[in-house]
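In full-length UniProt numbering, the protein residues as written are 1 to 95.
List time: in silico DSSO-like cross-link candidates among lysine-lysine, alpha-carbon distance up to 30 Å:
1) 37 <-> 53
2) 65 <-> 53
3) 10 <-> 22
4) 29 <-> 53
5) 95 <-> 29
6) 53 <-> 11
7) 37 <-> 65
8) 11 <-> 95
9) 65 <-> 22
10) 75 <-> 95
Estimated spans, in silico, between C-beta atoms of each pair:
11) 70 <-> 25: 15 to 21 Å
12) 80 <-> 37: 16 to 22 Å
13) 65 <-> 95: 27 to 33 Å
14) 25 <-> 46: 16 to 22 Å
15) 46 <-> 23: 15 to 21 Å
16) 95 <-> 45: 31 to 37 Å
17) 62 <-> 93: 24 to 30 Å
18) 72 <-> 42: 29 to 35 Å
Bear in mind the hints are in silico, worked out from the structure with no lab data behind them. Glycine is no exception: its CB is placed at the ideal position from the N, C-alpha and C atoms.
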Amino acid sequence: MSVFSKNQTKKVVVNAENHGYKPDTVTFKQGKTAQLKFIPSDNMGCMNEVVSKDLNFDQKLDDKKEVTIDIPTDKPGTYTYACGMDMFHGKVVVK
1 MSVFSKNQTK KVVVNAENHG YKPDTVTFKQ GKTAQLKFIP SDNMGCMNEV VSKDLNFDQK
61 LDDKKEVTID IPTDKPGTYT YACGMDMFHG KVVVK
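When you get a sec, could you build the whole thing from the sequences and use the hints?
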């Protein structure tokens, strides 16, 4: 689900579920302000952490606590993120 705030930041909600991210691919426009909002599930397992070397973040996800991450959109490309054990993956596409 995408939402635009008053300053036109595109925020996409990503559900961190027991067996992966939904949606697992998110697309943003180059040069536009963007954020991912991770919503954790009740039973986290290795999904209690989301990591991206490409996007330079490592964030713990606590039960029932939303986490919002700013996404740089200055360069086009495909960037990946994963759970703490690198078992489940998602992609951010900037074009």
